Amino acid sequence: MIRSDERPAEPFVAWAQQREAARLGMWLFLASEAMMFGSLIMVAWFFRLRYPDGVAEAVAGLHYLLATGNTVLLLTSSLLMTLAASEPRRVRRCLLGAAVLGVLFLFCKGVEYGLEIHEGVLPGFTDHSTWQAPSAQLFMNLYFIATALHGLHVLIAVGLVLWLYSALKRRRLAPHQAAMRLEMISLYWHLVDGIWILLFPTLYLVGR
Amino acid sequence: MSQPSYLHAQGLRSWLLTRDHKRIAVLYMLTVTFFFFAGGLAASLIRIELVTPEGDLLTADGYNRAFTLHGVIMVWFFLIPSIPSVFGNFLVPIMIGAKDMAFPRLNLFSWYMLLGGGLFTLLALLLGGVDTGWTFYTPLSTMFSNGHVLAVICGVFIAGFSSIFTGVNIIATVHTLRAPGMTWMRLPLFIWSMYATSIILVLATPVLAITLVLVAAEHLFNIGVFDPKLGGDPLLFQHLFWFYSHPAVYIMILPAMGVVSELITAAGHKRIFGYRFVAWSSVAIAVIGFLVWGHHMFVAGQSMYASLVFSLLSFLVAIPSAIKAYNWSATLYKSDLTLHAPFLFALTFIGLFIVGGVTGLFLALLAADLHAHDTYFVVAHFHYIMVGAAVAGYFGALHFWWPKITGRLYSQLWGKITAILIFCGFNLTFFPQFLLGYLGMPRRYHSYDPDFQFLNVMSSAGASILAVAYVLPFFYLLGSLRWGERAPINPWEAAGLEWRVASPPPLHNFEAPVTVDFEAYDYSPEARRDPL
Amino acid sequence: MSRAGALKVYGALLLLLVVQVVCARYWPGLGGVIMFAAAGQFLLLLLFYLGLYRHHGWVRLFGWVYLLWLLVMVVFILGESATR
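If you're matching them up, the sequences are chains A, B and C in order. Mapping of the first sequence onto the working numbering: residues 1 to 208, in sequence order. Mapping of the second sequence onto the working numbering: residues 1001 to 1532, in sequence order. Mapping of the third sequence onto the working numbering: residues 2001 to 2084, in sequence order.
So that you can see chain A by itself, here it is in the shape it has in the complex (with noise of 0.2 Å):
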């Protein structure tokens, strides 16, 4: 029974229904962005595996460590998305925590980014005559399509977390909408930091 004056949406006649169906939808969209990061990361290794030889070239330049610290920064906003769930009086700290977090993984991808076009290594902006074999420039391009589907994907996230920064900081939600947001944004968030998990090693630290 409904005992407060918000209501499920349309159809819904209960919240429980709502949620497990909220529940249910952004699970199905993650198991679709898995895929489709799932088949990108299988390219990689398909390369991988019949060109060890020019990938551990393109490797070898990568900036792992950057990248590494890159990694510490997604983790910890995960930690602060789950914090953020767990912890109500500290959502909004939490969430404008991760948002930061998010942020500044972009930033460094961008000087990432910066430094490799610098180098001349980047699809665009290379002169194909930097690497011994040809598909050491291939992974790099893989590399850059790759990261940047992912940023594309943190930038997203990023968005959505401030989003919903932003009317609970005007509160503008009712409770049962609040806790459904922020669950599905987790969720989202959550896969964004998976995929990265799976893409680091496969890209810069296998077979350095």
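Read the hints as simulated data drawn from the structure, not as lab findings. These numbers were taken from a predicted model, which means no experiment stands behind them. Some clues are possibly wrong.
As the list claims (entries may be wrong) - Restraint-style ranges between C-beta atoms, simulated for each label pair:
id: 1; chain 1: B; residue 1: F1518; chain 2: C; residue 2: A2039; range: 45 to 51 Å
id: 2; chain 1: C; residue 1: W2069; chain 2: A; residue 2: S166; range: 24 to 30 Å
id: 3; chain 1: C; residue 1: L2071; chain 2: B; residue 2: E1519; range: 50 to 56 Å
id: 4; chain 1: A; residue 1: L104; chain 2: C; residue 2: R2054; range: 26 to 32 Å
id: 5; chain 1: B; residue 1: L1409; chain 2: C; residue 2: R2054; range: 47 to 53 Å
id: 6; chain 1: A; residue 1: E87; chain 2: C; residue 2: G2032; range: 35 to 41 Å
Heads up, the beta-carbon is just placed ideally off N, CA and C, and yes, glycines get one too.
Following the hints, complete the assembly by docking chains B and C onto the known chain A.
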């Protein structure tokens, strides 16, 4: 009757900003009908060209653009959305006893995405178009094509997301909004097949998305993923593309199979034979369908061992389809048959699906495929399934649920004439193509050996009959809106929740919340038929 | 998930990251170990932060089927490439 019908509110805004799944279904119906005719025009160009052995109507390049337009429009903008987005949207909530889909606004957004993506693609295809075929094989699409590849890719990408969101909506709806008492094993089989289709929509389409992104990146930045000079592999493209596109063909056929289960039981006034088998076979088709994509690449240089595995799995995927065909036949045996128009479409489906399915097995055989690949044999095979079966399923659904959707009855005579014309025209069009393929005529060629002319002329003649048959419903179905008799609640005396609400249904589907205490396809004499 | 639990998982995630980076720096041949640690991180995230440990029955089954099928896709395509 306290609620107005869903068609009551008037004005463009009430349609373009609706959240009602029934209205969204009608919007989709208009959209896919438009794209069907656009793709059909391209097909007409192809068949007219092929009447003569010389390439005289179109240049080779022009012909390439024609069959690309035909394939892209028909696959992504007609077949894939047809039954799921039109009949899925309209019927899923009603069949399970719900007031609407789980995410009504997402539903409307999905429609806008399809419309947007489709118009964009059509524009690109008309403004010069693309010559790569709907399959976008590399390196033609990435390095040598002189067409608007990027624009078409964008359009398809957007439409892909429309598919994903529709799939998410359907799965969430079926899981969470079933009325009390509507257990999984009481669901109409149409719901089972829509559910299985939605699994494929959600899990396969993202791989298409990444494939298109990679092709675009290759086209723009020459990243080299598919370029052998940089170490890339064109076969990798085919893996990624077919990993989506093979399950996509199951997206195109599973909903039609669900429709046929409904049509057969309604016409025979009898329970489906082997409900559980048919229900699980939909899921089995979805699951196994994800494992067979390599059968499109038998002659592309794929590893022999992989080909063996794919060949075996392709044989396996035929089994659940066969189970359905047997169960439908068993359902019809000793049933109380009414030979109305929807039923004729269902029969068309079964007959043509069997031919298409069996010829698929021929192609799954490695040795036979070596001979038949890239010939008209393949063209005939997939058209038997996608047009003979799937389009017949769509037309059957149209004729079955038209009274429910519009509240009008149409002429049964004209419906049956259309069904028979489709069956005859279709066979005349496509059966000769099996022979042409066997005799060695390659596909995607605008000119051919003069020895093939007779069969080609037969095929084109059949196509003109098909064209007439496809246009006929425009007259009697649209005409019914003006002059048709008002439909009763249950014109077919069928079982199912949708046949216990008004025609057309009220705004919120049911006057009061529904409780289900009956099995699916309850045609027993004590079954309740009173309006809900 | 409780605060203490979240912090414990965070600690484990960071530890596994250290393992990966150290392995990459000093034992570059051990790519398997690196990916194993990464898989461990992913599973921790999946089970605890994404909250799968709370779900039982069908959800768990579907989850395993999904992961298994992803694995099949990877094995098929990489296997095809390797056996050409």
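Here's how the hints hold up against the structure:
1. As the Cβ distance of F1518/B to A2039/C is approximately 48 Å, the hint placing it in 45 to 51 Å holds.
2. One distance hint, 24 to 30 Å for the beta-carbon pair W2069/C and S166/A, is violated here, with the actual separation near 40 Å.
3. At roughly 38 Å, the beta-carbon separation of L2071/C and E1519/B lies outside the given 50 to 56 Å, and the hint is violated.
4. Checked against the hint of 26 to 32 Å, the pair L104/A and R2054/C passes, with Cβ atoms roughly 31 Å apart.
5. Our hint of 47 to 53 Å for L1409/B and R2054/C holds, since their Cβ atoms are close to 52 Å apart.
6. Between E87/A and G2032/C the C-beta distance comes to about 38 Å, which sits within the given range of 35 to 41 Å.
In this structure, the earlier hints numbered 2 and 3 are contradicted, and the remaining ones agree with it.
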